[in-house]
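**Student:** Chain by chain, the residues:
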Amino acid sequence: MEPQTPAAPTSRPVSILAIFSVFLQIGATSFGGGVVAYLRNALVKKKKWLDDTEFLELMSLSNTLPGLNATNMSILAGQRLRGWLGAVAAMLGMCLPSLVLMIAAGIAYGEEGSRPLVTAALRGVAAAATGLIAATWFQIGKKTVKGFYDGFFILAAILGINYFKLSVPVVLLSVGALSIFAFRPHKPGAHPKEDHAWIRSLQ
Amino acid sequence: MDQIPAIARVFAYLSLLTIGGGMAAFPEMKNLVIDVHHWLTYPQLIHIYSVGQISPGPNMMMVATIGERVAGIPGALVAAIAFFVPTGILTLFVGGLWKRLENWPWRSSIQKGLAPVAIGLAVAGLITFGRTAVTGWVTVAVALLVFAASMRTRLNPALLILGGAVVGAFALR
Numbered sequence: 001m002e003p004q005t006p007a008a009p010t011s012r013p014v015s016i017l018a019i020f021s022v023f024l025q026i027g028a029t030s031f032g033g034g035v036v037a038y039l040r041n042a043l044v045k046k047k048k049w050l051d052d053t054e055f056l057e058l059m060s061l062s063n064t065l066p067g068l069n070a071t072n073m074s075i076l077a078g079q080r081l082r083g084w085l086g087a088v089a090a091m092l093g094m095c096l097p098s099l100v101l102m103i104a105a106g107i108a109y110g111e112e113g114s115r116p117l118v119t120a121a122l123r124g125v126a127a128a129a130t131g132l133i134a135a136t137w138f139q140i141g142k143k144t145v146k147g148f149y150d151g152f153f154i155l156a157a158i159l160g161i162n163y164f165k166l167s168v169p170v171v172l173l174s175v176g177a178l179s180i181f182a183f184r185p186h187k188p189g190a191h192p193k194e195d196h197a198w199i200r201s202l203q
Numbered sequence: 001m002d003q004i005p006a007i008a009r010v011f012a013y014l015s016l017l018t019i020g021g022g023m024a025a026f027p028e029m030k031n032l033v034i035d036v037h038h039w040l041t042y043p044q045l046i047h048i049y050s051v052g053q054i055s056p057g058p059n060m061m062m063v064a065t066i067g068e069r070v071a072g073i074p075g076a077l078v079a080a081i082a083f084f085v086p087t088g089i090l091t092l093f094v095g096g097l098w099k100r101l102e103n104w105p106w107r108s109s110i111q112k113g114l115a116p117v118a119i120g121l122a123v124a125g126l127i128t129f130g131r132t133a134v135t136g137w138v139t140v141a142v143a144l145l146v147f148a149a150s151m152r153t154r155l156n157p158a159l160l161i162l163g164g165a166v167v168g169a170f171a172l173r
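Chains H and S supply the protein sequences, listed in that same order. In terms of the working numbering, the first sequence has 198 at position 198, counting the first letter as 1, and numbering is strictly consecutive. In terms of the working numbering, the second sequence has 32 at position 32, counting the first letter as 1, and numbering is strictly consecutive.
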């Protein structure tokens with residue numbers, strides 16, 4: 001690990017406390033997912049701590065790594081601003097509100113979760129969540145699929161899990177390796193121009 | 001309390017599978033949380049996962065809810081730390097490195113190659129999820145309505161999910 005890498009192209013006098021409080025606000029108010037849109041609004045538009053190019057660059061890395069976009073983006077942006085301390089402050093701010101909320105949800109679920117009315121409402125919530133997540137991935141998919149290989153490897157991953165009943169790590173390692181190989185360097189036609197339009201569409 | 005080491009192992013492992021988001025890890029989460037450790041019933045997992053979608057911040061903080069159900073507040077904290085810290089350290093490490101790999105030709109291959117796999121895994125997770133969450137005409141109607149509303153409007157998703165709760169409370173009792 002490299003504490004305080006001189007990653008930031010310009011020195012930004014941002015305090016650790018300021019980083020924590022901005023991410024705490026996002027962590028407490030970004031109801032309904034779409035944290036990335038909230039992050040861009042705060043970091044690029046309001047605070048101007050990052051510009052759009054940097055934000056998209058961090059976003060593409062965040063998508064490639066394991067971990068959620070909400071936390072990966074907090075860590076990467078915090079690191080850009082103030083090294084590893086900034087990353088820790090951003091991550092804590094992002095996570096603390098939902099940690100408290102979701103522990104409370106667990107306690108409440110233990111006490112009320114078996115009441116028929118609550119179970120019925122939660123079944124409605126689950127159905128709505130299915131529709132919501134489907135819409136999110138439909139939109140991301142529409143913007144990502146540009147050629148044969150994109151569609152092919154999406155299908156391969158789905159069939160691997162749902163039809164061949166392979167485990168997630170097996171699919172990740174096999175289909176993932178094949179897909180990276182299919183997009184290997186210097187292959188004509190395999191590198192269409194970078195297009196991050198989908199992220200702009202978030203806000 | 002004796003479940004704490006298992007909670008740490010399970011959620012640290014699951015976190016490594018969340019390429020592109022939490023849904024990618026759902027089939028494996030179902031397997032470990034339900035079939036292997038019997039921590040929850042499958043409908044309970046679906047409920048908790050769905051409630052997690054309303055929460056602000058990372059939508060997978062529902063791992064803390066599972067931890068709480070299994071081993072109280074210590075279980076919740078262990079689940080959250082196991083799920084968020086190891087991948088966090090990896091991100092911090094690669095974040096420092098990535099900038100210097102700018103001219104490494106495989107960098108863009110890895111990004112382009114993993115993008116469709118991440119989508120495929122998320123859709124696969126969603127299919128696993130939807131098979132239990134969407135059964136019967138009321139849930140089909142709710143899922144389709146929310147899908148259409150998310151595609152065509154800019155309504156806050158939390159409102160759509162709360163709408164699902166209201167419909168469910170009236171129509172699914």
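Don't read these hints as lab results, they were simulated from the structure. From the three backbone atoms N, C-alpha and C, an ideal C-beta is built for every residue, glycine too. It is possible that part of the hints are untrue.
Taking lysine-lysine and the BS3-like style, the derived pairs with C-alpha atoms no more than 27 angstroms apart in a straight line are [what the hints assert, rightly or not]: (1) H:48 - S:30; (2) S:30 - H:47; (3) H:165 - S:99; (4) H:165 - H:142; (5) S:99 - H:146; (6) S:30 - H:45; (7) H:45 - H:143; (8) S:99 - H:46; (9) S:99 - H:47.
A short, non-exhaustive set of chain H residues, derived as facing chain S with CB atoms under 7 angstroms [unchecked claim]: (10) 24; (11) 25; (12) 27; (13) 66; (14) 75; (15) 97; (16) 99; (17) 106; (18) 114; (19) 117; (20) 124; (21) 135; (22) 166; (23) 168; (24) 179.
**Student:** A separate judgement is required for each hint: does it hold in the structure or not?
**Tutor:** Hints and how they fare:
1. Proposed proximity of residue 48 of chain H and residue 30 of chain S is contradicted: the alpha carbons are some 41 angstroms apart, above 27 angstroms.
2. A distance of roughly 40 angstroms separates the Cα atoms of residue 30 of chain S and residue 47 of chain H; the hinted pair therefore is violated under the 27 angstroms criterion.
3. For the hint linking residue 165 of chain H to residue 99 of chain S, the alpha-carbon distance of about 37 angstroms lies beyond 27 angstroms, and the restraint is violated.
4. For the hint pairing residue 165 of chain H with residue 142 of chain H, the CA-to-CA distance comes to about 26 angstroms; that is within 27 angstroms, so the pair holds.
5. Using a Cα cut-off of 27 angstroms, the hinted pair residue 99 of chain S and residue 146 of chain H holds, with the two alpha carbons roughly 26 angstroms apart.
6. Proposed proximity of residue 30 of chain S and residue 45 of chain H is contradicted: the alpha carbons are some 39 angstroms apart, above 27 angstroms.
7. Restraint check: the Cα-Cα separation between residue 45 of chain H and residue 143 of chain H comes to about 23 angstroms, which is no more than 27 angstroms; the hinted pair holds.
8. Between residue 99 of chain S and residue 46 of chain H the CA atoms are separated by roughly 25 angstroms; this keeps the pair inside 27 angstroms, and the hint holds.
9. This hinted pair checks out: residue 99 of chain S and residue 47 of chain H have alpha carbons roughly 23 angstroms apart, not beyond 27 angstroms.
10. The closest approach between the C-beta of residue 24 of chain H and any C-beta of chain S is roughly 10 angstroms, which is over the 7 angstroms cut-off, so the hint fails.
11. Violation of the interface hint for residue 25 of chain H is found here, the shortest Cβ-Cβ separation to chain S being roughly 10 angstroms, above the 7 angstroms cut-off.
12. For residue 27 of chain H, the shortest C-beta to C-beta distance to chain S is roughly 4 angstroms, which falls under 7 angstroms, so the interface hint holds.
13. With a cut of 7 angstroms, the hint placing residue 66 of chain H at the interface with chain S holds, because the nearest CB-to-CB distance is about 5 angstroms.
14. Look at residue 75 of chain H: its Cβ gets to within about 5 angstroms of chain S, closer than 7 angstroms, so that hint holds up.
15. Below 7 angstroms, beta-carbon pairs count as interface contacts, and residue 97 of chain H has one with chain S at about 6 angstroms; its hint therefore holds.
16. A cut of 7 angstroms between beta carbons decides the hint on residue 99 of chain H: the least distance to chain S is about 6 angstroms, and the hint holds.
17. For the restraint placing residue 106 of chain H at the interface with chain S, the shortest Cβ-Cβ distance is roughly 3 angstroms, inside the 7 angstroms limit, so the hint holds.
18. Given hint, residue 114 of chain H at the interface with chain S, is violated; its Cβ is 9 angstroms from that chain's nearest Cβ, farther than 7 angstroms.
19. Here the hint on residue 117 of chain H is kept, as its CB sits about 6 angstroms from the closest CB of chain S, short of 7 angstroms.
20. The interface hint given for residue 124 of chain H is met, as the beta carbon of that residue sits about 2 angstroms from the closest beta carbon of chain S, less than 7 angstroms.
21. Residue-level restraint check for residue 135 of chain H holds (minimum Cβ-Cβ distance to chain S is 4 angstroms; threshold 7 angstroms).
22. Of the supplied interface hints, the one on residue 166 of chain H is violated, with its beta-carbon coming no nearer than about 9 angstroms to a beta-carbon of chain S, more than 7 angstroms.
23. With its C-beta approaching chain S no nearer than about 4 angstroms, residue 168 of chain H sits inside the 7 angstroms limit, and its interface hint holds.
24. The beta carbon of residue 179 of chain H comes within 4 angstroms of a beta carbon in chain S, closer than 7 angstroms, and the hint placing it at the interface holds.
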